[in-house]
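Start from chain X and add chain H according to the hints.
Residue numbers (our numbering), protein chains in the order written: chain X, 4 to 482; chain H, 1345 to 1519.
In case anyone wonders, no lab produced these hints; they're calculated from the structure. Any given hint could turn out to be false.
[To be verified] Negatives, chain H to chain X, calculated, CB over 10 Å:
| # | residue |
| --- | --- |
| 1 | D1373 |
| 2 | E1379 |
| 3 | T1410 |
[Stated by the list, open to error] One side of the interface only, derived from the structure: several residues of chain X facing chain H at Cβ under 8 Å:
| # | residue |
| --- | --- |
| 4 | K75 |
| 5 | T119 |
| 6 | N340 |
| 7 | P399 |
| 8 | A430 |
| 9 | L435 |
| 10 | G455 |
[Said to hold, decoys possible] What follows is a set of in silico ranges between Cβ atoms, one per label pair, in the way DEER data are often shown:
| # | chain 1 | residue 1 | chain 2 | residue 2 | range |
| --- | --- | --- | --- | --- | --- |
| 11 | X | I216 | H | Q1380 | 39 to 45 Å |
| 12 | H | W1405 | X | D368 | 56 to 62 Å |
| 13 | X | K220 | H | D1383 | 45 to 51 Å |
| 14 | X | T400 | H | F1407 | 49 to 55 Å |
| 15 | H | Y1384 | X | D354 | 40 to 46 Å |
| 16 | H | Y1384 | X | L128 | 24 to 30 Å |
| 17 | X | M401 | H | Q1380 | 31 to 37 Å |
| 18 | X | L476 | H | S1371 | 38 to 44 Å |
| 19 | X | K422 | H | S1371 | 57 to 63 Å |
| 20 | H | W1405 | X | E370 | 54 to 60 Å |
| 21 | H | F1407 | X | K381 | 22 to 28 Å |
| 22 | H | F1407 | X | V286 | 32 to 38 Å |
| 23 | H | W1405 | X | K381 | 47 to 53 Å |
| 24 | H | W1405 | X | T400 | 23 to 29 Å |
Bear in mind the structure is a predicted one, so any value in this text is a computation, not a measurement. Ideal Cβ positions, reconstructed from N, Cα and C, are used throughout, including at glycine.
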Amino acid sequence: MQAYSKYTPLVILFALSLSFNVKAQNINDALRLGMQGLGSNARALGMGNSYISLSDDASAAFYNPAGFGLLKRLEFSGGFEYVNYNNNTTFFNQQTEYSNSSTRLNRVSFAFPFPTMRGSLVFGLSYHTNKDLTSALKFDGFNNSNNSMIQDLNIDSFIPYDLYLTDSNFVSPILGRLNQSGNILAEGDVNTWTFSGAIEVYKNLFIGGNLNIITGKYESNNEYFEDDTRNIYQGETAVGEPQTGDFVTFYLNRILNWELSGWDAKIGMLYQFNQYGRFGLTVQFPKTFSIKEDFVVNGRSEFGTGQIYRLVSEDYSSAVEYDIITPFEFAAGFSINFKGLIFSAEGTLIDYSQTKFDNLNGFEDPEEYKANVNKSIKDELSSVINYNLGVEYTIPTMGLRLRTGYFVQPSPYRGDELKYDKKYFTAGLGFLTDETIGFDLAYAYGWWEDFGDNYSSNLSRTFQEITVNHFVLTGIYRF
Amino acid sequence: MKSNILKIALSMLVIFSFTGCYTIVWSPDSDFPTEQNYDYNDGYYPDYYYGDYYYFYDHPWWFNITPPVYYDNTKERTGNRDQSDNHLRNNDSGRRNDSERKEIIQTNPPTRDGNKNNNNDNNNSNSSSNNNSVERQNTSDSNSGNTRNDTSRSSNNSSNNTRNNDSGRNTGGRR
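Isolated chain X (complex conformation) (with noise of 0.2 Å):
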């Protein structure tokens, strides 16, 4: 115990749990607001989101400003949403699922549509949700190779050491073939505040714009764990201390909670050609995302002996506050209207490889961890193009519409396979009461492979397959 009061390097230490700090950002940060989400309109999801040419609600405000225009009686709407992640994961041959599900109400939008002797003039205020970050992961297997968390963590950070997993030279016995399991439960939204407009400024010509205050939260809980399943480590992890015999169990907790605010813009244009089609075209500029980032750091070390040692989660634990700014991006539609069979198609331009880490206050050296941090994203992902199909068929006599459609939001890594691109089965009905009062449900299932590393890459690697059911439930109040 003495040689390790002794061996107290402040600021080695001081600088070693910055650099640990820093590992809690990353590009899957950046994608988990970068990439997109899929709306708050159950017209739009049950018809695979390719409503950038429809966009003839008040939901217009998310797809395309200028559908607002399209609007000719005032309208309320809202609804709510349930999502069910799913993921199944295989580590070291071993099978794991996991799920997480959350539930909101993630529309409220208001239309007003200005008296006109000729053309368009609306304006829309709407509180939506853009996305949802639900998420979760779970796995366990036997790691039979010569690495673990304890082995990399040593390198750059004071754990271990704290721990008691290393002696006062930060030397470890331990070199892999522990049991390493954990679990991930992520859950958020990033909302929006809209305030929209559109104008007909020639006959059946549509443009609008918006501007938009972000909101939203994230909150991420990592439980990690390696485990002497085998007994294989029976001496002292810490030469010298005997009550740290019989190594049992290594637990690192990490919690992150965002914080998020910000804002961006979009703008917009439609055109009708009569009552055959419709050609949408939308900007979507930069949103900037600032957060407030608390990472949380907890840990401890079991010993047969009986000896528990914890971390000081002050330690690791840090608060600081960044900026996210995702690319441009560009997209352009259009739906043709066949004798009450709509036929919707949609692309859209994303060049992951723009997005950006700006004004980190709280980094130890900020310009440094930057240009770092935008190296890795410029290298590491390229340019995407989504795409979204969707039909729809009106049965007059009962006012009931029947939905379906398909979308691609290939991943935006580079050179990913396309196993790893996210892939939604969609499926919606809608149904109209009175002239007034509409109802819409939609489900979206969707799939993908993915893949993450617990430390350095691909000695830990959780091969995940991932389904998501989303359901959404809209209601329109026209009058």
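Relative to the frame of chain X, chain H by itself:
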């Protein structure tokens, strides 16, 4: 980015301020847009394929309301306006002295047919059979017995009485 947003906001303001574009917004000094004078676009949801959805999307809400009626407020009204607001100011449910009590407008009580014959104009043949029906007095008759006069409206501006009806005590306390 902030400059981009400002440019967008400015552009939107300019666009929405243009009156030279296709859209003509109704203003109170023009006829209210109705189905007759509204310049329709081609709807995307024709009723023969979409039924009620046509009205849901393509029927302007202002067709369903009665056009607002505007009066010309610039003309002088010819009646003599009572400039006094004493009545409005002092009808405040506060205490009043007996001396301030004004005469109550006297109206004749309602009469029942068959009991009194002071309504000579009543030629209703059902009156004799329906004793519960109350007949209003002829207004000219009731005014003839009314002691109310119009002096308070036109000339009673000796306002001490009414000035002090301010819901405070009027029994010799502070003035």
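A quick look at each hint next to the structure:
1. D1373: Check passes; 12 Å lies beyond 10 Å.
2. E1379: Non-interface label stands for E1379/H: nearest chain X Cβ at 12 Å, farther than 10 Å.
3. T1410: Holds, because the least Cβ-Cβ distance between T1410/H and chain X comes to about 13 Å, which exceeds 10 Å.
4. K75: Hint holds; K75/X Cβ to chain H Cβ min 4 Å, cut 8 Å.
5. T119: Check passed: Cβ of T119/X comes within 5 Å of chain H, closer than 8 Å.
6. N340: holds, 6 Å
7. P399: holds, 3 Å
8. A430: violated, 19 Å
9. L435: Result: holds, 6 Å to nearest chain H Cβ.
10. G455: violated, 31 Å
11. I216/X with Q1380/H: 39 to 45 Å: Since I216/X and Q1380/H have Cβ atoms about 42 Å apart, the given range 39 to 45 Å holds.
12. W1405/H with D368/X: 56 to 62 Å: The hint (56 to 62 Å, Cβ to Cβ) holds, given that W1405/H and D368/X are roughly 59 Å apart.
13. K220/X with D1383/H: 45 to 51 Å: holds, 47 Å
14. T400/X with F1407/H: 49 to 55 Å: Cβ of T400/X to Cβ of F1407/H: about 24 Å, so the range 49 to 55 Å is violated.
15. Y1384/H with D354/X: 40 to 46 Å: holds, 42 Å
16. Y1384/H with L128/X: 24 to 30 Å: holds, 27 Å
17. M401/X with Q1380/H: 31 to 37 Å: holds, 32 Å
18. L476/X with S1371/H: 38 to 44 Å: holds, 40 Å
19. K422/X with S1371/H: 57 to 63 Å: Hint holds: Cβ distance 59 Å, inside 57 to 63 Å.
20. W1405/H with E370/X: 54 to 60 Å: holds, 55 Å
21. F1407/H with K381/X: 22 to 28 Å: violated, 56 Å
22. F1407/H with V286/X: 32 to 38 Å: holds, 34 Å
23. W1405/H with K381/X: 47 to 53 Å: holds, 50 Å
24. W1405/H with T400/X: 23 to 29 Å: 25 Å Cβ-Cβ, so the 23 to 29 Å window holds.
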